[in-house]
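Residue numbers (our numbering), protein chains in the order written: chain L, 1 to 113; chain B, 1 to 113.
Hints are not guaranteed to be accurate.
[Stated by the list, open to error] Some, not all, of what chain L presents toward chain B, calculated at C-beta under 8 Å: (1) Val4; (2) Asp7; (3) Gly42; (4) Asn98; (5) Phe104.
[Said to hold, decoys possible] Covered stretches of chain L (chain B as the covering partner; in silico rule of three or more C-beta atoms under 8 Å from a C-beta of chain B): (6) 43-51; (7) 74-81.
Don't read these hints as lab results, they were simulated from the structure. Note that the structure is predicted; figures quoted are calculated from it, not measured. For every residue, glycine included, the Cβ atom is placed at its ideal position computed from N, Cα and C.
One-letter residues, chain by chain:
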Amino acid sequence: DTGVSQDPRHKITKRGQNVTFRCDPISEHNRLYWYRQTLGQGPEFLTYFQNEAQLEKSRLLSDRFSAERPKGSFSTLEIQRTEQGDSAMYLCATASGNTGELFFGEGSRLTVL
Amino acid sequence: GNSVTQMEGPVTLSEEAFLTINCTYTATGYPSLFWYVQYPGEGLQLLLKATKADDKGSNKGFEATYRKETTSFHLEKGSVQVSDSAVYFCALSAYYGNNRLAFGKGNQVVVIP
Chain L
1 DTGVSQDPRH
11 KITKRGQNVT
21 FRCDPISEHN
31 RLYWYRQTLG
41 QGPEFLTYFQ
51 NEAQLEKSRL
61 LSDRFSAERP
71 KGSFSTLEIQ
81 RTEQGDSAMY
91 LCATASGNTG
101 ELFFGEGSRL
111 TVL
Chain B
1 GNSVTQMEGP
11 VTLSEEAFLT
21 INCTYTATGY
31 PSLFWYVQYP
41 GEGLQLLLKA
51 TKADDKGSNK
61 GFEATYRKET
71 TSFHLEKGSV
81 QVSDSAVYFC
91 ALSAYYGNNR
101 LAFGKGNQVV
111 VIP
């Protein structure tokens with residue numbers, strides 16, 4: 001299966017620690033998105049890359065969050081000085097064109113104690 | 001801003017029953033509308049879409065019609081199966097060709113044999 005892959009699937013950390021999530025897209029997809037999903041809510045847009053360029057960031061993405069896609073392939077999402085409110089599922093999605101169809105990974109669940 | 005509202009609460013029904021999940025939206029311009037589905041243990045995947053008013057999206061026996069006059073995109077299936085048990089999300093993009101999606105909260109559907 002060459003779908004969108006996310007790692008780790010689950011991360012438990014203590015408040016104040018830094019965490020990093022990785023997303024490996026479908027190989028021919030040049031567009032990559034990060035979403036956050038909390039319990040009982042739908043996914044909320046965080047940021048968007050086209051190739052290596054970060055083209056859009058949501059105001060949800062505070063200064064403690066940083067995302068990169070250095071070679072236009074895999075992407076990382078880092079959260080510094082985690083807070084309990086950061087506990088959520090972080091979803092990566094990719095697309096190859098402008099059809100509106102996103103291909104989602106299974107997500108990385110963050111639990112901040 | 002653009003937003004999607006789904007009916008509250010999970011939906012539980014018997015196999016072969018008729019399913020309707022309500023979705024209404026608020027948007028400026030001409031959004032595209034989507035239904036995504038998340039099966040247990042899997043990532044979200046596109047179920048169907050409609051890109052302009054009066055379009056009907058359909059897939060796997062599910063249908064939804066883009067109603068501009070009522071700003072709605074209700075999902076329907078005439079006869080559900082146990083395998084349709086999943087979480088269903090309504091979503092919109094600001095315009096055709098834009099992959100940044102705004103999602104509703106989702107509805108858990110449980111089909112009982």
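Hint by hint, here is what the structure shows:
1. Val4: Holds, about 7 Å.
2. Asp7: 14 Å, violated
3. Gly42: 3 Å, holds
4. Asn98: 4 Å, holds
5. Phe104: Interface hint status for Phe104/L: holds (4 Å vs cutoff 8 Å).
6. 43-51: Per the Cβ count (4), the hint holds.
7. 74-81: Check failed, 0 qualifying residues.
Taken one by one, the earlier hints fail for this structure at numbers 2 and 7, listed in ascending order.
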